[in-house]
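Produce the entire structure from the sequences given, and follow the hints as far as they go.
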Amino acid sequence: MTDCCPRCAHESVSTLYSSPVPGVWDVVQCARCLYTWRTSEPDRRTRRAAYPQAFRLTEEDLANAAEVPAVPPLRTDGPPAAARGPELS
Amino acid sequence: MAYDDLRGFLSTLEKEGQLLRITEEVLPEPDLAAAANAAGRIGEGAPALWFDNVKGFTDARIALNVHGSWANHALALGLPKHTPVKEQVEEFARRWDAFPVAPERREDAPWRENTQEGDDVDLFSVLPLFRLNDGDGGFYLDKAAVVSRDPDDPGHFGKQNVGTYRLQVIGKNRLAIQPVPVHDIALHLRAAEEKGEDLPIAITLGNDPVMAIVAGMPMGYDQSEYEMAGALRGAPAPIATAPLTGFDVPWGSEVVIEGVIESRKRQIEGPFGEFTGHYSGGRRMPVVRIDRVSYRTNPVFESLYLGMPWTECDYLVGPNTCVPLLKQLRAEFPEVQAVNAMYTHGLLAVISTRKRYGGFAKAVAMRAMTTPHGLGYITTVIVVDEDVDPFDLPQVMWAMSSKVNPADDVVVLPNLSVVELAPAAQPAGLTSKMIIDATTPVHPDTRGNFSTPTKDLPEAKDWAARLQRLLSEARG
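Just so you know, the protein sequences line up as chains Z and A, in that order. This note's numbering puts the first residue of the first sequence at 368, with every later residue one more than the last. This note's numbering puts the first residue of the second sequence at -6, with every later residue one more than the last.
These aren't lab readings, by the way, just hints derived from the structure by calculation. Just so it is clear, CB atoms sit at the ideal spot from N, CA and C, and this is done for glycine as well. Mixed in with the good hints, there may be bad ones.
Pulled from the structure, derived: some chain Z residues nowhere near chain A, Cβ distances all over 10 Å [stated by the list, open to error]:
(1) Asp370
(2) Cys371
(3) Ala376
(4) Glu378
(5) Ser379
(6) Val380
(7) Arg405
(8) Arg414
(9) Ala416
Per label pair, the in silico range of CB-to-CB distance [what the hints assert, rightly or not]:
(10) A:Leu386 <-> Z:Pro409: 32 to 38 Å
(11) Z:Pro439 <-> A:Ala95: 31 to 37 Å
(12) A:Pro302 <-> Z:Thr425: 28 to 34 Å
(13) A:Ala457 <-> Z:Asp428: 58 to 64 Å
(14) Z:Ala433 <-> A:Ala95: 50 to 56 Å
(15) Z:Pro409 <-> A:Arg349: 36 to 42 Å
(16) Z:Ala433 <-> A:Lys8: 45 to 51 Å
(17) A:Glu17 <-> Z:Asp428: 37 to 43 Å
(18) A:Asn46 <-> Z:His377: 47 to 53 Å
(19) Z:Ala398 <-> A:Arg105: 32 to 38 Å
(20) A:Asp145 <-> Z:Thr425: 37 to 43 Å
Structure below.
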């Protein structure tokens, strides 16, 4: 069982779900970056020391993450939303 | 033959030798995704994969790679499994002309058999969720048909959208959703958030094979995916009313998840290995609260592996990207013969056309870039003559190698729109775009030495048939 988040090293992680066959695996989630993993996955996904640098997140990364899509300004009156062109499904 | 649900299609795939049951025990990770990844690496005619013996689960049924070969795509459309891809696209285009076909409402949806509501909702107990790629932030629902309505016009059937958007499971009753700004659901969400309201949503999983195709199809904002499904199936699409939202959802879904996108909230999402062959994510995205789950007894969890192309995703959105572009271009330029936009959901397109006059091919290319799908995707257009088959890449390379004088035939247009996921964009959402005009110049464009092209000999067609007959006889 990992005791910190493999991705952001946050120490608060909790069990989301346990295997229907008792004791085989747990699904664990980081309270900060929401990284979710199954304890039976390879070390490269479950162990901080083996977790790839390219996918690691820092507190700063999380604080600076872009909003997609951006929250629009609240509309207080009448006119409809932005003009709608043809769009994709 | 029209399939009303996923199970009916899986049964046909099995009869046709296009579904492989893996009976030995596998690990949820990395085996499920690795097998689906490998299906795209074993050559033509890869089968769908079925797993029901997954370590730690007692009751898992998982279908992967359901659309993951041209054989399976043909069967999804009710065509013989050996139908060549160009013929599949042509048949797709022919059926499009029947649009709109009104859906058929049914009341006895099998997903009414089981329900979880409110605090009892636990997606993990309904679906055997698993990770796809190493760097994914979690477990995803990536082949759902997601239904939402225009908050300013909720009664408009056509504006009700059915689309496929990636959904990360971030809790037993919570999902993060990626509504790409150029997609319909982002318009619905924006309208709701401007009013400070939640956006109701119905997420349907495990659908008939044509629903999966239309949900990923670039259609007009007020065109109904259900009416397009009817055209492509050759029979009305069966729909039912979702109990919580009242939305129209596929009658045959395995699972119907209902809830809301919570207004004006964003939470960290991803990354997720995307159709571009690159990860995207680590961004703050909208959040879905699940209020009700309806599901068939013994639900089948359908998922899709995507990564470095080609994967199932490329088969699924190949023809359904080509055909809308073909129809939209032909509406103004009947000279257009065929469109192959199967590369990375149409980030690149090859178009064959007759030329009205010099410069015409470049105009066709620019129009392709300004179609609804082109605005967000088409970044490179290769235009070829009418006698070059855009699906025959050696022919396309011949046209590029022999017809192109780069100084005049390559045009680069700066700072145009593209989906933020496009890895080469700079900044995200903005890119230059390129036209490669590989057509033969026509009057008044007199460049080059193209007056005496070699053509296949008039007798070659008969000889081709003769050679095939002789070869077949020789092989007994």
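Outcome of the hint check:
no. : hint                              : in the structure
1   : Asp370                            : 19 Å, holds
2   : Cys371                            : 16 Å, holds
3   : Ala376                            : 15 Å, holds
4   : Glu378                            : 17 Å, holds
5   : Ser379                            : 15 Å, holds
6   : Val380                            : 13 Å, holds
7   : Arg405                            : 6 Å, violated
8   : Arg414                            : 13 Å, holds
9   : Ala416                            : 15 Å, holds
10  : A:Leu386 <-> Z:Pro409: 32 to 38 Å : 37 Å, holds
11  : Z:Pro439 <-> A:Ala95: 31 to 37 Å  : 35 Å, holds
12  : A:Pro302 <-> Z:Thr425: 28 to 34 Å : 31 Å, holds
13  : A:Ala457 <-> Z:Asp428: 58 to 64 Å : 60 Å, holds
14  : Z:Ala433 <-> A:Ala95: 50 to 56 Å  : 42 Å, violated
15  : Z:Pro409 <-> A:Arg349: 36 to 42 Å : 58 Å, violated
16  : Z:Ala433 <-> A:Lys8: 45 to 51 Å   : 48 Å, holds
17  : A:Glu17 <-> Z:Asp428: 37 to 43 Å  : 40 Å, holds
18  : A:Asn46 <-> Z:His377: 47 to 53 Å  : 35 Å, violated
19  : Z:Ala398 <-> A:Arg105: 32 to 38 Å : 36 Å, holds
20  : A:Asp145 <-> Z:Thr425: 37 to 43 Å : 41 Å, holds
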